[in-house]
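Student: One letter stands for each residue in the lines below.
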Amino acid sequence: MTKPWLIRTLPWTVTLGSLVLWQLVCVVFSIPTFILPTPIEVIGSLAQYYEPITTHSLQTLVTTLVGFGLAVAFGLVLGLVVGSSRVVYDALYPLMVAFNSIPKVAIVPVLVIWFGIGTVPAILTAFLISFFPIVVNVATGLATIEPELRDVMRSLGARKSQILWKIGIPRAMPYFFASLKVAITLAFVGSIVSETVAANAGIGYLMISASSRFDVPLVFAGLVVIAVLGVVMYELFVLIERRVTFWATRGHELVT
Amino acid sequence: MSSTAPFVVIDQVSLVYGKDGAGTLALQDASLTINRGEFVAVVGPSGCGKSTLLKLVSGLHLPTRGTVHVAGQAVTKPLKICGMAFQNATLLPWRTTLDNVLLPLEIVEPHASEFRRNRDKYVAHAKKLLATVGLAGFEDKYPWQLSGGMQQRSSLCRALIHDPDLLLLDEPFGALDAFTREDLWSILQTLWLEKRPTVILVTHDLREAVYLADTVYVISARPGRVVSRTTIDLPRPRTLEDTFKPEFMEMAHALRDQISHVRNTQ
Ligand SMILES: Nc1ncnc2c1ncn2[C@@H]1O[C@H](COP(=O)(O)OP(=O)(O)O)[C@@H](O)[C@H]1O
Ligand SMILES: [Mg+2]
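Note that the protein sequences, when read in sequence, are chains A and B.
For the first sequence, the numbering used here assigns the number 1 to the initial residue and increments by one for each residue that follows.
For the second sequence, the numbering used here assigns the number 1 to the initial residue and increments by one for each residue that follows.
Just chain A, same shape as in the assembly (with noise of 0.2 angstroms):
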């Protein structure tokens, strides 16, 4: 029997316990600071660097959340044309997957001839990494609608437009949601990646000039914000998600 109190603190002790032996690690094998820094000056360095730190870190959370945000507003719609038409899933198909399966950080040197070093590559590396995942998910919700339920549509008369918005739609919203949470993080690893390559502001940019200064807490004390920016936004949409289709988990919470 597994008991709800330690269900409910395992999480807690189990990352503490980690940090622990993370510090126990360091000091009981002397392990120098430039290799791995022990926790304790991972927290002393965000303490010190408290103010560009919070600098850095929301201009790759505006970057990461514009790109997101075109990521949801393309993938949404391209989810929904795709997932609604058979001739537009056959023609862009091929496409989509070799686009898919380019690394995105081969793109960033495109982006930078383009658009130089700043925020725009990295805004676009974010969009560009975190759409997939939503179109595809939009448009399997679109084209796993029940044929039984489509009859009783059409004989009513419906439009292509009402089957569309009364049905497609918020049989699609699960899979919308369950892919936001997928999206936000991959949106994260694209505006981080492209800081890093091409950009002298955002928590990728702090850890790069950091790391070339060996200043080994200050990258350690970039990755922690990178993790906790990344747990928060995941858990706002795990949020949302449930409040919003409650009724596809049939009033239970999933397990995620």
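A couple of the hints might just be wrong.
Okay, derived cross-link-like pairs now, SDA-like style, lysine to any residue, Cα gap no bigger than 20 angstroms in a straight line [unchecked claim]: (1) K160/A to A112/B; (2) K80/B to P147/A; (3) K166/A to S113/B.
The set of hints was computed from the structure by calculation and includes no laboratory data.
Since the structure is predicted, the reported quantities are computational estimates derived from the model, not experimental observations.
Given the structure of chain A, go ahead and fit chain B with the ligands onto it with the hints provided.
Tutor: Chain B with the ligands in isolation, oriented as in the chain A frame:
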């Protein structure tokens, strides 16, 4: 009956699934006529083309050969006057039972244009209908909070809410337990006696067919043809008690013999 011309005329209809006529011949030279307000049951071995027949009548499929006329008009596109229910209830899980039942009114004219303005009137109508099928008090529940029988009741309400001239039921009680099924027979009979829509009920349950229908058609195994037409002239309303009386049993048995005959000659 207001008019003597048949409401549904299916004339020498064949349907081949698949392209270039190379696919499955699902229905072959099927002919039947149905009067306005008639309750028809269609029985036959599974895969014989019963669902296909419903799709042809509703215009969801067009025949490969032959013609279908409904209300004097050749069917060339999906009709707009049908109510449909299937073996699975196909309710929308994001809508409450009430909103599921209201769905057709948001689509079918003249209701659709008045729906916003007269929502209260329609809600009252839907609630009354839900109450007749024993679902009073469940209006705000979601379909996944209802039992299979209750879902099927809601599905029937959705099929009937806009008073369709033509009700197409494809094994609607097939997945229910015997008691729930018999409950729903009586409910369907009551609803039908009230509004007298033309009904085509596909079923594999002969007691169900005899209990509910005015006319029972037997279709042969694939490719489906209409092999017999039986008039059930038992008085209405029929009760579940009636289903155990000798004349009822006789009719059910006669149908049973016809079906085993068409299966064996295949
Ligand atoms: N969309 C379809 N495409 C190809 N074949 C089909 C399709 N729908 C039905 N069939 C075939 O047509 C025949 C009749 O099907 P159906 O009308 O569903 O039978 P029933 O409802 O009597 O069980 C079956 O052999 C089935 O496999
Ligand atoms: Mg069938």
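Student: If a hint holds in the structure, say so; if it does not, say that too.
Tutor: Outcome of the hint check:
Our distance criterion of 20 angstroms between C-alpha atoms is met by K160/A and A112/B, whose separation comes to about 16 angstroms. With a CA separation close to 17 angstroms, the supplied pair K80/B and P147/A stays within the 20 angstroms bound. Under the criterion of a C-alpha separation no larger than 20 angstroms, the hint pairing K166/A with S113/B is consistent with the structure, at around 16 angstroms.
Going through the hint list in order, the structure satisfies each hint without exception.
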